[in-house]
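K.L.:
Residue-level listing of the chains:
Protein chains: 2
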Amino acid sequence: MRVRAYAPSHITGFFEICEHLDQRHMGSRGCGFTLQAGVTTEVTVEEGEGISVIINEANVEAPTTRSVVRRLASEYSVEVLSKIDVPIGCGFGASGAGALSTALALSDALSLNLSYNSAAEVAHVAEIENKTGLGDVIAQTHGGMIIRREPGSPGIGKVDKIPVRDVEINHVVLGEISTKDVLGDKRAKRQINLAGKIAIKELLKRPTIQNFMLLSKRFAMDTCLMSDVGVEIVEAVESCGGMASMAMLGEVIFAIGGYEALKEFGSVRTYKIGHYGARLL
Amino acid sequence: MRVRAYAPSHITGFFEICEHLDQRHMGSRGCGFTLQAGVTTEVTVEEGEGISVIINEANVEAPTTRSVVRRLASEYSVEVLSKIDVPIGCGFGASGAGALSTALALSDALSLNLSYNSAAEVAHVAEIENKTGLGDVIAQTHGGMIIRREPGSPGIGKVDKIPVRDVEINHVVLGEISTKDVLGDKRAKRQINLAGKIAIKELLKRPTIQNFMLLSKRFAMDTCLMSDVGVEIVEAVESCGGMASMAMLGEVIFAIGGYEALKEFGSVRTYKIGHYGARLL
Chain L
1 MRVRAYAPSH ITGFFEICEH LDQRHMGSRG CGFTLQAGVT TEVTVEEGEG ISVIINEANV
61 EAPTTRSVVR RLASEYSVEV LSKIDVPIGC GFGASGAGAL STALALSDAL SLNLSYNSAA
121 EVAHVAEIEN KTGLGDVIAQ THGGMIIRRE PGSPGIGKVD KIPVRDVEIN HVVLGEISTK
181 DVLGDKRAKR QINLAGKIAI KELLKRPTIQ NFMLLSKRFA MDTCLMSDVG VEIVEAVESC
241 GGMASMAMLG EVIFAIGGYE ALKEFGSVRT YKIGHYGARL L
Chain E
1 MRVRAYAPSH ITGFFEICEH LDQRHMGSRG CGFTLQAGVT TEVTVEEGEG ISVIINEANV
61 EAPTTRSVVR RLASEYSVEV LSKIDVPIGC GFGASGAGAL STALALSDAL SLNLSYNSAA
121 EVAHVAEIEN KTGLGDVIAQ THGGMIIRRE PGSPGIGKVD KIPVRDVEIN HVVLGEISTK
181 DVLGDKRAKR QINLAGKIAI KELLKRPTIQ NFMLLSKRFA MDTCLMSDVG VEIVEAVESC
241 GGMASMAMLG EVIFAIGGYE ALKEFGSVRT YKIGHYGARL L
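So the protein lines, in turn, are chains L and E.
Residues 1 to 281 (the working numbering) are what the first sequence spells out, left to right.
Residues 1 to 281 (the working numbering) are what the second sequence spells out, left to right.
Calculated from the structure, these hints are not laboratory results.
Incorrect hints may have been included.
If several chains are the same, the list does not tell them apart, and a pair holds so long as it fits within one copy or across any two.
[Claimed, not checked] With a straight-line Cα cutoff of 35 Å, these simulated DSBU-like cross-link-like pairs (lysine-lysine) come out:
hint, residue 1, residue 2
1, K205, K83
2, K83, K131
3, K158, K263
4, K131, K180
5, K205, K158
6, K201, K189
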């Protein structure tokens, strides 16, 4: 049995960590956007046992996706084949998108008859367990520029959106950041939660894309998550009339406008903001 | 100032009316789907006063859309130009889609800085006030095959989805039904609520597209909303291996498969299920 599903990538601009003993209720408040680029997954389910995960033609560990497979299809032999057209480990929510597309595809392949939220919940819980993300999955079920007002898995967390068009987002990748490492650092967490709480409060007063960009930059600065090079790039973009900040969590600068300025710092890629949530193909 | 927005059409298969003194909390439980066809609206806002609503090149009353304009732009002269590519007054949620696209476009044109849910709430409340719909707006903000688990406007109501692909929906239009008339009939309301409550409970046990079609048909039969011709068409579709029911509320039979059978009863149009919610263009 072979089934395909898609989940969009998701970049968070700022966030607040919301701990909870129940993993379905744990997550984050914050704001981010999905892109018209993401993860296409094909699962093949056969009699037997064993899990193989192949991402962009390489055999990988992909612990979050494996958790999803163990939860939904432990009695089968499962091959997960994902094509990811965004960088991995750089704040594009690739682990969430991989897990979410896998959950949707497996539920369909095995006729588990899970609702959309129930399948997505498995991916959300897998992210929490593996400390690979907090709020990507719920955003990836919606698509658009998503305000995560209350934390939790799809069906539990509460979201709103900033009305947006097909805005072009330029980005430059400088390197990876381990979500696990940042979330394991108590001091960093305190700074994140302080700055995140302020940012979300300010955003709700004026939920516009310009305000989102501004608050994201302030958050990246105030939490010291942005490197010196990052600050330099953001300033260069602003001097050309653009707006920029850093993907949470990855050494990635995303920008509206400022293409020429970004080019000085590396290879620039451009995607439009997406409006689709994850879905079966 | 000229701004464009789009909202998808939405067909409900079954529903339960949920009264509430607060119009934001009033609405319906039920299930339906959006189509890859809907309403594209362009609003033009100028100094002055007066509202004109033009749908498919004809000046019309469009009370729900007018309510939205009065709420958001009472101090301006507003022209609303909507292109609707589904039948009006036939259970495609055209009034909700018109109101929702108008609310999103006006909020942007006037820089009201409303969040997506706040703009959509205006459309939901306008539908309730004008008795033109109960649950279309919240479904139209999501896109897909939407289970309305709890009633209310976007941000208040709770939804889940049935995971679906780009399924083709064939339909035949037999005539209009006034939502206002049905919602004003106490006996009809009792039947709807009894059958609707059962249908939603059954759907949640097995949220699949096949179960949705089956429960929709049962609901249309049990509430006596389906005409004799409707029953005849549904049976003809089923005898060809398809599944069919009636749009709530319109004399429209929608079907998965059964194209040849439908052709015997009128002109058949086909749209795919959509996955986008309403958005700015």
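K.L.:
So which hints don't hold here, by number, going up?
P.N.:
3
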